[in-house]
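Keeping their order, the protein sequence lines are chains A and B. As numbered in our numbering, residues 1 to 396 make up the first sequence, in order. As numbered in our numbering, residues 1 to 67 make up the second sequence, in order.
The set of hints was computed from the structure by calculation and includes no laboratory data. Watch out, some of these pointers could steer you wrong.
What the hints assert, rightly or not - Which chain B residues face chain A? A few, computed with CB under 8 Å, are given here:
#1 5
#2 8
#3 18
#4 23
#5 28
#6 30
#7 33
#8 36
#9 40
#10 48
#11 52
#12 54
#13 55
#14 56
#15 60
#16 62
Even for Gly, the Cβ is constructed at its ideal location relative to N, Cα and C.
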Amino acid sequence: MKEMKYDVVVVGAGIAGPIVARNVAKSGFSVLLIDKKPAIGTPKQCAEGISIKVFDKYDIPYDRRFINREIYGAKLYSPSGYELELRYKEASGVILERKVFDKMLAYYAAKAGADVLARTEALDVIKKNGKVVGIKAKHEDEPVEIYADVVVAADGVESTIARKAGINTYAPPHEFDSSYEYEMLIEGFDPDMIHLWFGNEIAPRGYVWVFPKDEDRANVGIGINSDNPKTAKYYLDKWLRENNIPAKKLLEINVGVVPVGGFVKDLVKDNVLVVGDAARQVNPMHGGGMAEAMEAGTIASKWIVKALEEENLELLKNYTTEWWETDGKRLEKVLKVRRVTEKLTDEDLDLFIQILSGADAEKIAGGDYGEVIKALLKHPKVLLSPRRITLLKELL
Amino acid sequence: MPEKIRVIVNEDRCYLCGGCAGVCPTLAIEVHSSGWEFFQDKCISCRICINACPVGALSAEPLEVSE
Numbered sequence: 001m002k003e004m005k006y007d008v009v010v011v012g013a014g015i016a017g018p019i020v021a022r023n024v025a026k027s028g029f030s031v032l033l034i035d036k037k038p039a040i041g042t043p044k045q046c047a048e049g050i051s052i053k054v055f056d057k058y059d060i061p062y063d064r065r066f067i068n069r070e071i072y073g074a075k076l077y078s079p080s081g082y083e084l085e086l087r088y089k090e091a092s093g094v095i096l097e098r099k100v101f102d103k104m105l106a107y108y109a110a111k112a113g114a115d116v117l118a119r120t121e122a123l124d125v126i127k128k129n130g131k132v133v134g135i136k137a138k139h140e141d142e143p144v145e146i147y148a149d150v151v152v153a154a155d156g157v158e159s160t161i162a163r164k165a166g167i168n169t170y171a172p173p174h175e176f177d178s179s180y181e182y183e184m185l186i187e188g189f190d191p192d193m194i195h196l197w198f199g200n201e202i203a204p205r206g207y208v209w210v211f212p213k214d215e216d217r218a219n220v221g222i223g224i225n226s227d228n229p230k231t232a233k234y235y236l237d238k239w240l241r242e243n244n245i246p247a248k249k250l251l252e253i254n255v256g257v258v259p260v261g262g263f264v265k266d267l268v269k270d271n272v273l274v275v276g277d278a279a280r281q282v283n284p285m286h287g288g289g290m291a292e293a294m295e296a297g298t299i300a301s302k303w304i305v306k307a308l309e310e311e312n313l314e315l316l317k318n319y320t321t322e323w324w325e326t327d328g329k330r331l332e333k334v335l336k337v338r339r340v341t342e343k344l345t346d347e348d349l350d351l352f353i354q355i356l357s358g359a360d361a362e363k364i365a366g367g368d369y370g371e372v373i374k375a376l377l378k379h380p381k382v383l384l385s386p387r388r389i390t391l392l393k394e395l396l
Numbered sequence: 001m002p003e004k005i006r007v008i009v010n011e012d013r014c015y016l017c018g019g020c021a022g023v024c025p026t027l028a029i030e031v032h033s034s035g036w037e038f039f040q041d042k043c044i045s046c047r048i049c050i051n052a053c054p055v056g057a058l059s060a061e062p063l064e065v066s067e
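Just chain A, same shape as in the assembly:
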C-alpha cells in the first residue's frame, strides 16, 4: 500500500477544489489535489456561463484559451413568446470552455506548489480514534492512503467524502434540479446574448437555455425540478421539436443534477471541510454555482491557512461562520425568491415579461430588482389580482 502525507488533501478538481489548493499552496503548505477523472474538466456538467467580474475578484487570468466568447446580456422568453431583452453596453459575462478552464485552475494550483493527481478516486475516509486522518484512494489501479491534517471535500453533488466524514449534506429531492444539455449546432439566436425560456410546460420550475459558443454553436440545455415524474431529457427534446430545431448536429451530451437549495448547515467537522456543489453552494434561482464555489473556496482556504499557521484546527469552524454571514445569507434570500417564483403560472410569466419589456428593461439590466417589482405592482392586471400582489410583495 502506497502512503502519502500532506498538510491538506483536496478531493475534486472542479471549481472550488483548485481554488482551495492554489490558495493554500501559495501560503507554503503542502497540498494534494485529486480528481477521479482521467482528464480534469472532462466531461463538463455545466452551461459554462459566468460573470466577467470573477476574474479580478478571484485572481484568475482572463485567458482566451478558456473564454469562448463575451456576452452582453440576456434575452428572456415567456411561455406565449413575449420577449424581454436586457442588453448591456459592455460585456457582462463570458461563456467558458470548462474543459480548458478547470484544467487551467488545476494548473494554477500546481504552479502555486500543489501536487495534482488526475484519475485518482477517493473511496473512503481513514479514521483513527474517531477522527478523520486522511482518505483511501485509488490512482489508476493502485490503492493509496493519503494522510493529511485537513481534508477538503470538493467532490461535487455526490459529496461522498463529505458524507463519509460525517458532514450532513442531505437536501430533500425538491432542492435539486435535473439537467440535460446538448452542445450542438444551432442558428437563429443572437450569439452576443444568453437566451432563457420560461414556462411550466416548457421547463417545470426551471428554464431552457441557449448559451452561445460560436456564431452557430451553443450549449442548449434544461433544468427541471428533480422530483418531476418526467425526465429533463424528455422536456428538452420536446422543446426542440416544438420549436422546429433539429437535434441532428450534437457535439456533446451533458447530464447532471444541480443542488438548488438545502445549503449545508455545518460546513466543517473537525478537520474536514465541504465546499462547492458538495456543500450545495449554488444559486437557487439560476442553478449556477461557479462563482459561489470560488467564493466558498476563497473563504475556506483563508481559514485553512490560518488554522495551519496557528496550529489550531478549531479555527476551521470560522469557515462555516463566515460563509453563513456572507454568501450563505445572500443565497438564503435568493432561495426565498425561487420559492416565490415557483408559484408563478404561465399567465403570470407572460404578463410580467410583457410589462417589463417596456420602459423598465434598463432598470432590470442595472440589477435594480426592487424597482422592477414596484413597477410590476403598479400595473392594473397585477393590482386586480390579490394573488399576484401577495407573490410580488414576498419578493420585495
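For chain A, the structure is supplied; the task is to place chain B on it using the hints.
For chain B alone, coordinates are given in the frame of chain A:
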C-alpha cells in the same frame, strides 16, 4: 410500508453523472469512474434517485422476498 425495491441501471443510458448518488439520502449508490454501484442493504426504497436521473437511466424492480 412502501414496496421494497432494487434499483437497477441501464448502463447504455447512464452518463455516470453522479446525480443519483447525490440525491440518495442513505449513500445507497456510489458512482465510480469505472461504473455504477448499488448497495441494497442501505436502500430505503424512496425512489428519489429514479426521479432525479436526467435521462431516465434508473428503474426499480420489486425485491424478491426469500421464502
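TODO: Report holds or violated for the interface hint on residue 56(B), using the least CB-CB distance to chain A and a cut-off of 8 Å.
DONE: Holds: closest Cβ of chain A sits about 4 Å from residue 56(B), inside 8 Å.
Task: Interface hint status, residue 23(B) versus chain A (Cβ within 8 Å) - done: With a closest approach of 5 Å, the residue 23(B) hint holds.
Open item on the list: Please check whether residue 36(B) passes as an interface residue: C-beta within 8 Å of a C-beta belonging to chain A.
Closed with: Violated: closest Cβ of chain A sits about 12 Å from residue 36(B), beyond 8 Å.
Open item on the list: Is the interface hint satisfied for residue 60(B)? The criterion is a beta-carbon contact with chain A at less than 8 Å.
Closed with: This interface hint is violated because 13 Å lies over the 8 Å limit.
Task: Agreement of hint residue 54(B) with chain A interface, Cβ distance less than 8 Å - done: 4 Å, holds
Task: Per-residue hint verdict: residue 5(B), partner chain A, C-beta under 8 Å - done: 16 Å, violated
- [ ] So, residue 33(B) near chain A? Judge it on the closest CB pair being under 8 Å.
- [x] 5 Å, holds
Open item on the list: Given a cut of 8 Å on the nearest C-beta pair, is the interface hint for residue 18(B) held or broken against chain A?
Closed with: At 4 Å from the nearest chain A Cβ, residue 18(B) passes the 8 Å test, so the hint holds.
Task: residue 52(B) as chain A interface residue, shortest Cβ-Cβ below 8 Å - done: Where the cut-off is 8 Å and the nearest Cβ of chain A is about 4 Å from residue 52(B), the hint holds.
- [ ] May I ask you to test the interface hint for residue 30(B) with respect to chain A, counting a Cβ-Cβ separation under 8 Å as satisfied?
- [x] Hint on residue 30(B): holds, closest Cβ of chain A at ~7 Å, below 8 Å.
TODO: Please verify that hint: residue 62(B), Cβ, nearest Cβ of chain A, below 8 Å or not.
DONE: Check failed: Cβ of residue 62(B) comes no nearer than 19 Å to chain A, outside 8 Å.
Open item on the list: Quick check on the hint: residue 55(B) CB to chain A CB, less than 8 Å?
Closed with: Cβ of residue 55(B) sits 5 Å from chain A, so the hint holds.
Violation of the numbered hints given earlier is confined to hints 1, 2, 5, 8, 9, 15, 16; the remaining hints are satisfied by the structure.
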